[in-house]
Amino acid sequence: MDPLAAIRDTFFQECEEQLAELETGLLAMEAGATDSETINAVFRAVHSVKGGAGAFSLDDLVRFAHGFETVLDEVRAGRLEPTADALKVMLRAADVLADLVRAARDGGGFVETETSAAELRALLGGEAGDDDAGAEEDWGDFAFTPLGVADAAEAPTAGRWRIALRPRADLYAKANETALLLRELKRLGEIEVTLETSGLPPLADLDPEAAYLAWTILLTTERERAAIAEVFDFVDGDCDLTIEQDGADPLADAFADEPPAPEAAADLDIAALIAKAQAAAEPVEAEPRSAPAPEASRARAQEPAASSAASPTIRVDLERVDRLIDLVGELVINQAMLSQRVLEAGIARASGVAMGLDELEQLTREIQDSVMAIRAQPVKSVFQRMPRLAREVAALTGKQVRLVTEGEGTEVDKTVIERLTDPLTHMIRNAIDHGLEGPEAREAAGKPAEGVVRLSAAHRSGRIVIEVADDGAGINRERVKAIAAERGLIAPDAVLSDEETDNLIFMAGFSTASEVSDISGRGVGMDVVRRSIQALGGRISIASRPGKGSTFTMSLPLTLAVLDGMVVTVAGQTLVAPLTAIVETLQPKACDVHSLGGDARVIAVRDSYVPLIDVGQALGYRATPLDAATGVALLIESEGGARAALLADDIQGQRQVVIKSLEANYRQVPGVAAATILGDGRVALILDIDTIVAVSRGADLARSERRMATAAG
Amino acid sequence: MSLTILTVDDSRTMREMLRLALADAGFEVLQAEDGVHGLEVLELAAPDVIVTDINMPRMDGFGFIEEVRGDPRHRVTPILVLTTESDGVKKNRARMAGATGWIVKPFNPVTLVDAIRRVAA
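Protein chains in written order, with the working numbering: chain A, 1 to 713; chain B, 714 to 834.
Don't take each hint at face value.
Under the rule of at most 20 Å between Cα atoms (straight-line distance), these lysine to aspartate or glutamate pairs were calculated in the EDC-like manner [claimed, not checked]:
id	chain 1	residue 1	chain 2	residue 2
1	B	K803	A	D322
2	B	K803	A	D246
3	A	K660	A	D322
4	A	K186	A	D246
5	B	K804	A	D170
6	A	K548	A	D433
7	B	K804	A	D236
No wet-lab data here; the hints were simulated from the structure. The structure presented is a predicted model; accordingly, all values stated were derived computationally and were not measured.
Modelling step: build the complete structure from the supplied sequences, incorporating the hints.
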């Protein structure tokens, strides 16, 4: 890739990070953070965006960022109070900045900035137009060097200049050097240098750090005065300097105010002098060396908090990581095959080979975990998009919302993160649009006018659990039931538990909003959210308390590459059931199984009856159902808490399997989620339990209808 | 022998641009992400010129310059301040802290290398 294009990519990546940082910081300030570290971080974020944008000549972005930065600088300097209103303006400005960045990245169209820019100017009070002027002034210096070249072209005639230079000690203390200045002057033309040593004291009185010498330079150049002045740009203020056009009588002028340099001094052995001065400098150094030390430790001690974030990192192409993960997957399979071969060969468990294999297995598992960890990322990247969404939805609905996020550092596979954005977006929208009441209704209910939506993430037993909780009115169960009945989703007289009622909102075709609102009504219901969570191998549930609010809980696997599975045999086939869905396994007794007519059966599990589904029949491996008493039942809980028992011939055991996509390698098969390769090298299908349950219910229904139709005919 | 330049900047974009421009000009490039990191690098290396940003987390450019000037090993190493602030206040503060010179962002490789050449022995 073209290095500049690569840097451009880096810039936009960095912009995203800075924008996130900016938003986090502003929200922290809104929540009352007033520490300088937060304010500085916010300032730096905008500043960095501006700096990079300047390098890529993204003028709109630079101009807007500059105006924003000016406001933040005022806040940073304590001249502008970050009031709630001011922070709202800044948050809107952050959104506009984000839009500008994205427009610049994607070559997108026009972004309306004036409204926000005007709001920012208003914060500064009466300094309208300041940002534009500032922006111009800021970049003006950039053109400085080319200017000199242009001037040279205009004025080609050679001129003679007399330059008198008397450095002060400060010049040297800042690591500037007269010799280098002379070298620069020489680049401009012919120079004639005279050293002026009259100020030099006797060696005994000489301070090695002081400046005693002066120079007079006669320069013949075609260049302008500006070009000469530029040579001394860095030393301006640290020396006495005069630059004069050399008149008819150069020498008279040059030394008019100074006595001519005494011959003796000019003859001084400079090299010897410098050597002595250096020797003398050694002991003096001890002073500056010791003095700043306590200051140094103080400066470092002041800001230890931020340092934890800056652990060294490298950036790697995702493809490389994925290739590595693939290979490790193969390694795991290979290792399992090897173990099985060794077992089959009848080698003793205690033998060196078997023990070596055990170690290999452990190592493989560790490598696998470590590689998975590379893909793991904090959910922060998704969570960070939500505050803006919450602000927008709040503005559209006229509700007051505070979005609280927790556990942003919780890590999960990158793919999971990417596919979390849409469901989370929808759930946050829902929580504000449907969950929270308007400010008046809230106050009437004795709650603060501002509603709280809490978005949190945590690791729980090998999965990531994400919750979206609101403190709104809770689910209106009467209304939910009425709507479900109206849409034919349930029988009008159906008796449902609270939990079952709440879960109705996950059904396809359900929407509680009596009029389709602009926010949530986009043809996407909670059923779609549930399906996308399921597609990630996760589950979603709801808990609601009237008047107190609702909590949606999603539980997702940390990675999509491996799965803890129960390996079972069904009609001679080896299948894998995801362990997360399995509640328990049981040995059915004939007396517990009851037929409901047709092939439909239920099994008594303690005090309740659950549908018994023969996996072999559901997948079409066999036509007649297996005798329940000869098989093993897996009690599973599908999404929404419904239970069923899956009947298999036998259980082989629990195993971690590497998931191989069936869709990518073959095609989608109903009832099968994916495939894996077992230790013996055979392919085993991974069951899609929810589909099996849903399909067999439908099949039961279809069969009984057929039978009834046949009976009627 | 080619000159070694230490750049101190918290922006990855800037670091990459600096590296590209300086490496193209034949310099050896060392990089640090903020003032504290810069001082750590200076424990082990003796660059010929230091180029530093002003606005950085942990330790800003002003603090960094003061620290470097207080270190006998690096007190005469030229330090160029790299910043979008071209206003006199920032420039002056950097100079008070001991900066040798400055480069105004956005820089082009020519102005950058030119400024380094001006202060490098």
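Hint check results:
Using a Cα cut-off of 20 Å, the hinted pair K803 (chain B) and D322 (chain A) is violated, with the two alpha carbons roughly 47 Å apart. Restraint check: the Cα-Cα separation between K803 (chain B) and D246 (chain A) comes to about 35 Å, which exceeds 20 Å; the hinted pair is violated. A threshold of 20 Å between alpha carbons decides the hint, and for K660 (chain A) with D322 (chain A) the separation of about 13 Å falls inside it, so the pair holds. A C-alpha spacing of about 17 Å is found between K186 (chain A) and D246 (chain A), which places the hinted pair at or below 20 Å, so the restraint holds.
A hinted pair counts as satisfied when its Cα atoms are at most 20 Å apart, and K804 (chain B) with D170 (chain A) qualifies at roughly 15 Å. Of the pairs offered as hints, the one joining K548 (chain A) and D433 (chain A) holds, with about 16 Å between alpha carbons and a cut-off of 20 Å not exceeded. As the CA atoms of K804 (chain B) and D236 (chain A) are separated by approximately 12 Å, the hinted pair is consistent with the 20 Å bound.
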